[in-house]
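A.B. asks: Residue-level listing of the chains:
There are 4 protein chains.
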Amino acid sequence: MATATLLIHCPDQPGLVNTVTGFILYHGGNILHLDQHVDRGANVFFMRVEWALEGFALNGDAIRNAFAPIAKERQMAWNVHLSEKRRRVALFVTKEGHCLYDLLSRHEAGELPCDLPVIVSNHEHLKPAAERFGIPFVHTPVTATTKAGIEAEHIALMKAHEIDTIVLARYMQIITPGFIEAYPNQIINIHHSFLPAFVGAKPYHQAHERGVKLIGATSHYVTTELDQGPIIDQDVSRVSHRDSATDMVRLGKDLEKIVLSRALLAHLTNRVLVYGNRTVVF
Amino acid sequence: MATATLLIHCPDQPGLVNTVTGFILYHGGNILHLDQHVDRGANVFFMRVEWALEGFALNGDAIRNAFAPIAKERQMAWNVHLSEKRRRVALFVTKEGHCLYDLLSRHEAGELPCDLPVIVSNHEHLKPAAERFGIPFVHTPVTATTKAGIEAEHIALMKAHEIDTIVLARYMQIITPGFIEAYPNQIINIHHSFLPAFVGAKPYHQAHERGVKLIGATSHYVTTELDQGPIIDQDVSRVSHRDSATDMVRLGKDLEKIVLSRALLAHLTNRVLVYGNRTVVF
Amino acid sequence: MATATLLIHCPDQPGLVNTVTGFILYHGGNILHLDQHVDRGANVFFMRVEWALEGFALNGDAIRNAFAPIAKERQMAWNVHLSEKRRRVALFVTKEGHCLYDLLSRHEAGELPCDLPVIVSNHEHLKPAAERFGIPFVHTPVTATTKAGIEAEHIALMKAHEIDTIVLARYMQIITPGFIEAYPNQIINIHHSFLPAFVGAKPYHQAHERGVKLIGATSHYVTTELDQGPIIDQDVSRVSHRDSATDMVRLGKDLEKIVLSRALLAHLTNRVLVYGNRTVVF
Amino acid sequence: MATATLLIHCPDQPGLVNTVTGFILYHGGNILHLDQHVDRGANVFFMRVEWALEGFALNGDAIRNAFAPIAKERQMAWNVHLSEKRRRVALFVTKEGHCLYDLLSRHEAGELPCDLPVIVSNHEHLKPAAERFGIPFVHTPVTATTKAGIEAEHIALMKAHEIDTIVLARYMQIITPGFIEAYPNQIINIHHSFLPAFVGAKPYHQAHERGVKLIGATSHYVTTELDQGPIIDQDVSRVSHRDSATDMVRLGKDLEKIVLSRALLAHLTNRVLVYGNRTVVF
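Protein chains in written order, with the working numbering: chain A, 293 to 574; chain B, 293 to 574; chain C, 293 to 574; chain D, 293 to 574.
In case anyone wonders, no lab produced these hints; they're calculated from the structure.
There may be inaccurate statements among the hints.
Which copy? The list can't say, so a pair holds if one copy fits it or any two copies do.
Here are the computed lysine to aspartate or glutamate pairs in the DMTMM-like style, where the Cα-Cα straight-line distance is at most 25 Å [claimed, not checked]:
#	residue 1	residue 2
1	Lys364	Asp353
2	Lys419	Glu400
3	Lys377	Asp539
4	Lys494	Asp331
5	Lys494	Glu400
6	Lys451	Glu376
7	Lys377	Asp304
8	Lys494	Glu403
9	Lys451	Glu416
10	Lys377	Asp327
11	Lys387	Asp519
12	Lys494	Asp519
13	Lys387	Asp407
14	Lys377	Glu365
15	Lys494	Glu517
16	Lys451	Asp539
17	Lys419	Glu403
18	Lys377	Glu400
19	Lys387	Glu423
20	Lys439	Glu473
21	Lys494	Asp456
22	Lys494	Asp535
As the structure is a prediction and not an experimental result, all values here were calculated from the model.
Excised from the complex, chain A in its bound form (with noise of 0.2 Å):
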C-alpha cells in the first residue's frame, strides 16, 4: 500500500495534532498510524504521522507544497516521506562479515525496504560476499597517500549510485567531516559497546578488562565527533568470568547485527527523529 509519512518537531502549542490530522482529512487521507510526543523540559512537539496515499488528492510536489504555508506558520521542522520512494543504501564494510551477511540475507528476505547498489570496502575480504548476492563491490583502499583522496571518491561513488544513506557495516575507518556533513542523520554506525562505556577502540577488550556482567552494542548517527552522535538503538548481553575477551567478540557479534538491523528497519520507515544529539525513535 503507498503511503505518506509526516515527520515534525515544533515548539509545542495547542492545536498542533488537530491542524495536522485536518490537512490529511481534508485531502482524503485515511490515517493509518500517528505517534506524537511531547518533551515538557524542552517544550518541543514530535509527531510522526502515516497515512494511505489511495482516494488522497495530492501527490508527491503537491503534498509539500499543501503543507508548507501550515508548517512555517507553527514554525515546523519537518519532512515528508513516500513509501514509493525506495532509499538506495551503500554498505561500507572492511574485513568482518556478519553485518554484512545479515544485512544481505535480510535485504533478500525482503525485510528492508531499500535498494543496496554498492558495497564499498577498504579490504578485498568481503568481496566473494558482495559478489555472492549480485551487488557491485568498490575497493577503496585507505593508505596514508590515498587518505586524502577518499573523501572525494566516496563522494562521487554516492552520486553515481544515488545513494541517500550509508551504513558502516562494521566500517574500521574513521569518516572524514566533509563526507558527514554531506549525509548529516544519514550515516548509520554500529559501535560494537554500549555507548557512553568504551568509546574508541577495542571495547570489547576494555569491558573484559573492567570486569562487566553485560557487554552492549549501539547504533548511531555519525557525527564529527567520534562516537557521539544520535543514538538510534542498543543492546546488551550478559557475560561472565567465563567470557575471554574472544568470547566476548563473537557474543557482540549478535548484539551487533541485531541492533543495526533493528536501526536500518526504523529509519528506512521514517520512525526516526533527530533532535539535538538526540533521537526520537517512534
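Guided by the hints, dock chains B, C and D onto chain A, whose structure is given.
C.D. replies: Frame of chain A; chains B, C and D shown alone:
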C-alpha cells in the same frame, strides 16, 4: 497537574483523531499525550488522549455530556478518567509477602497514584505487614463452610471501602464468578508463569519438570476462565539446570513483584484498554 | 589446542570428582574446564571436564579403554569427545532462509567447529543459498507418494555424508520416528515459540491471538513426541499491541537465528548432557 | 544442612582440583558444589567448592589448620566459610527507601542468610522503616563539622555490632578511605548506572542527556577510587524518548533493588571471588 484522559475504541473510519482533538481544542484543552492504534485485521481504532484541565472549559460530568453525542455518532466505546479522582485499590493476599511489601513501599514512595484503604487475606500471616504501614487488614478465612458466604462478604467489603480496583497480590484462592462479574477488567492478578505455559497450580514446579531455560510471570485481568484473562504485562528470567524448583520460586518472586507493579501502574494511569481478550497498553 | 572432553552422569556418591581428576592427572593431562552439578532431588551427579591432550599419555580409543573400568565401577553413563574429530552436520531447510544464512555465515567466520557437507530441503527455494556457499544441496520433495520412502532416503544420505548431527533450520516437515531413533539427541530443532506455550503450527499466530507481551523461540532435541524434546536453549523478545502476527514472524526470526546457533554451538562443544527429558548445559 | 565453602585462587598448575577434592574426600566430606575457572591470559586458577559437614572429620579451625600446608605448597590465596557462621550486615541508607524495604522484606522472608543488627543513616527519613522491622537505627548526620569524626564513629559502630559486611543501599555519601581499608571487599555499593558509563552524581540525568536507549544499575565492591571497584552484578532496562529523567529514576529503582540483592546474596553465599579489579562470581 490535573488532567483528563479519554480511552476510545470503535470501528476505524476517517477523521477520528481530528474529531477528538477538535473537541479538546474547542474547549480550550492542551494535549499532553496522544496515542492511537488501528488493528488492521479487525478494523478497530484505539486511542488514548490526555490533556491538561487548566483552562479547559468543562469539568467532570460536563466533559462526559459534551463528548457523548460525538461518541455515539462514531459508535465509540469510551471512558473519561480524571486524574483528580484517585482510584481506590484493595490488595488481596495469602501468606507470601513479597508482592505486598513491594506495593506498599512503592505506594509510600509516591509511585502509585491510588489509595490503599484495605488489605484482605484468607490467612493472618501478613497482618503485621499491614499494621506496619497502617492499613486496615481484614481476615476472611476461606473454609468449606465459609466459602459460600465469602463472595457476598467480599463484595460488601469492597463497597464499604468504595474500591474500584482489586489486586490479587499472590492471593491463592479461586475468585468466584459473581465477584469477577462485579468488577470486570478491574481485578488484576499476577500468575507465576509465562502464560499460556503452565496454567494452574505450582507453575514453577511444572517449569522445572519441563526443563525450560527461562521462567516467567504474567499479570492479567481476571476473567471467569482460570488464567485466561487479557494479559497486561509479562516478563521472564533466565534459569539453568542449577536452579531447583525452589530456586525458581525465589527468582520468580522478583519477576512477580515487577510485573505486577508495572501492570498496576499502567492500569492506574489509564493506559490499558481491553478489547476482546487482549489489551492495548499505551 | 587439541583437547578431550568427558561427559558423565551417574548416581551421586563420594569421591567422583577426585576419581575422574585423578585419572586425568595420572596420565599427564592438564584440566582446562571442569564443571559438575548434582541434582539433589534425583541424586544424580553430572560432570563435564575438558583437558589438554598435549603431554597426555593416551589417545582416542586408549582413553576409552582406560576409563571404562572406572566408569563401570561407578555406574557412569559417559562419553569422550576429541576436539580433533569435528562433527559433520547436515542442515535441513524448507523455504525460509534466515537460519540457514545465519549458520552459513557463522561457519564461514569460523564460529562453528564442524563440517557442513550437505543441505537437504523439501523445496528448491534455498538452492541458490547453498550454491553461494559451495555446499551440496539435495532436494528431497515430500509428497503423498514419496513420504514413505523419504525416511530411508534421508538415512542413506546421512550415512553417505557420515553425518552425526542434524539441524532442522526451519524444516517444516514432521520427522519420522525411524529417523529420530537413528539419531537420538543428535537432531536439533528450532521451534518458533517459547515452549511449552504454542506447540505445533503457526505459533506466532497463536501468540498474537492470545495477546502475549513476549514472543519466544526454543531449540530442542527432537524426540518422537512433537515439540516435547529436551530443551537446549530459549529466548524471548518483547512485543506489543502494535505488532501484528506478521511483525511477530519478522521479530521472531532474530530469536530463531540466535537461539538455534547458540544451541548448536553448545552441542558442538560438548556442553549439552541430556538426562531424562531435560538438559544440563554446562 | 551445615556446609563449608572453600574459595581459592592461585597460579594454574596440574592437579589442583584433584588435590583439593582429595583433601575433602580424605576427611569424609561429600561435595555439594564444585566450580573452577582458569583465566588463560593471566594463568590463574579459581575454585569454589562446597561440601556437607555431616560426617566430616574436621571442624572450623581444624579445617583451616589441615588445609594450610596444602595451600602454602600451591601458593593459594584462600578462605574457608562455614554456613553456621552467619554474616552480620550493616545497611547504610540516606533518604530513598526502595532498596532498604526490598532487603528488609527479603530478609524477613528468609531469602538472605545473614543477620541485620543495625541500619545507619545520615538522615532520619527512614527511621520509621527500620522501626517497623524492629532493627536499631543509628542517625549519624554528616556535616562539615562532623565529617572528620564520622569515620571513627562508623568503625566503632561496626565493631560494636560485630559487622563483617556493609551494604550501601543508596547511601549518598562518599565513604572515606580509612573505612574502606578497614573492610576490603566487604562494602557493597549499588550505583545507579551501567558502569563504567555515567560515573558520579545524577547518572540518570546524564543518561537522559546522552539519549541512551537502556539504563542500568551496577553493584560493586567499594574501593578508594569512586565507582571503580570490582563489579559483582549489573542489569539494564529499556527506556525511550518518552521517559524523562524522572521516569528513568523510577524505572531505575527496580534495577537497583534487584541488582543489589543479587550481589548481596552472591556475597553471603560465598560465590564472589575478587581478583585484581574484577570478580569471579561462581
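A.B. asks: Give a verdict on every hint.
C.D. replies: Hint check:
For a Cα distance limit of 25 Å, the shortest separation of Lys364 from Asp353 inside one copy, 16 Å, qualifies, whereas the shortest one across copies, 38 Å, does not. Taking the closest pair of Cα atoms, Lys419 and Glu400 come within 25 Å of each other both inside a single copy (18 Å) and across two copies (14 Å). With identical chains, the CA atoms of Lys377 and Asp539 are at most 25 Å apart between copies only, with a shortest distance of 22 Å across copies and 42 Å within one. Taking the shortest Cα distances, Lys494 and Asp331 sit within 25 Å of each other only across copies (20 Å), while inside one copy they are farther apart (35 Å).
With identical chains, the CA atoms of Lys494 and Glu400 are at most 25 Å apart between copies only, with a shortest distance of 23 Å across copies and 31 Å within one. For a Cα distance limit of 25 Å, the shortest separation of Lys451 from Glu376 inside one copy, 20 Å, qualifies, whereas the shortest one across copies, 51 Å, does not. In this assembly of identical chains, the alpha carbons of Lys377 and Asp304 never lie at most 25 Å apart, being 30 Å within a copy and 27 Å across copies at closest. In this homomeric assembly, Lys494 and Glu403 come within 25 Å of each other (Cα to Cα) only across copies, at 19 Å, whereas the closest approach inside a single copy is 31 Å.
Proximity of Lys451 and Glu416 under a CA criterion of 25 Å is satisfied intra-copy only: 22 Å inside one chain copy versus 38 Å between copies. Taking identical chains as interchangeable, the C-alpha atoms of Lys377 and Asp327 lie at most 25 Å apart only when both belong to the same chain, with a minimum of 22 Å there against 27 Å between chains. Within a single copy, Lys387 and Asp519 get their C-alpha atoms as close as 20 Å, which meets the 25 Å cut-off; across copies the closest is 36 Å, which misses it. Taking the shortest alpha-carbon separations for Lys494 and Asp519, both the intra-copy value of 13 Å and the inter-copy value of 22 Å come in at or below 25 Å.
Proximity of Lys387 to Asp407 under the C-alpha cut-off of 25 Å is found in both arrangements, the shortest distances being 22 Å within a copy and 23 Å between copies. For the homomeric pair Lys377 and Glu365, neither the shortest alpha-carbon distance inside one copy (28 Å) nor that between copies (38 Å) is at most 25 Å. For the identical chains of this complex, Lys494 and Glu517 are neighbours both inside a copy (18 Å) and across copies (24 Å), given an alpha-carbon limit of 25 Å. For the homomeric pair Lys451 and Asp539, neither the shortest alpha-carbon distance inside one copy (40 Å) nor that between copies (34 Å) is at most 25 Å.
In this assembly of identical chains, the alpha carbons of Lys419 and Glu403 lie at most 25 Å apart whether taken from the same copy (23 Å) or from different copies (20 Å). In the homo-oligomer, the alpha carbons of Lys377 and Glu400 lie at most 25 Å apart inside one protomer (19 Å), although the nearest pairing across protomers, at 35 Å, exceeds that limit. Taking the closest pair of Cα atoms, Lys387 and Glu423 come within 25 Å of each other both inside a single copy (15 Å) and across two copies (22 Å). Taking identical chains as interchangeable, the C-alpha atoms of Lys439 and Glu473 lie at most 25 Å apart only when both belong to the same chain, with a minimum of 17 Å there against 52 Å between chains.
Taking the shortest Cα distances, Lys494 and Asp456 never come within 25 Å of each other, neither inside one copy (29 Å) nor across copies (38 Å). For a Cα distance limit of 25 Å, the shortest separation of Lys494 from Asp535 inside one copy, 16 Å, qualifies, whereas the shortest one across copies, 31 Å, does not.
When each numbered hint is compared with the structure, violations occur for hints 7, 14, 16, 21.
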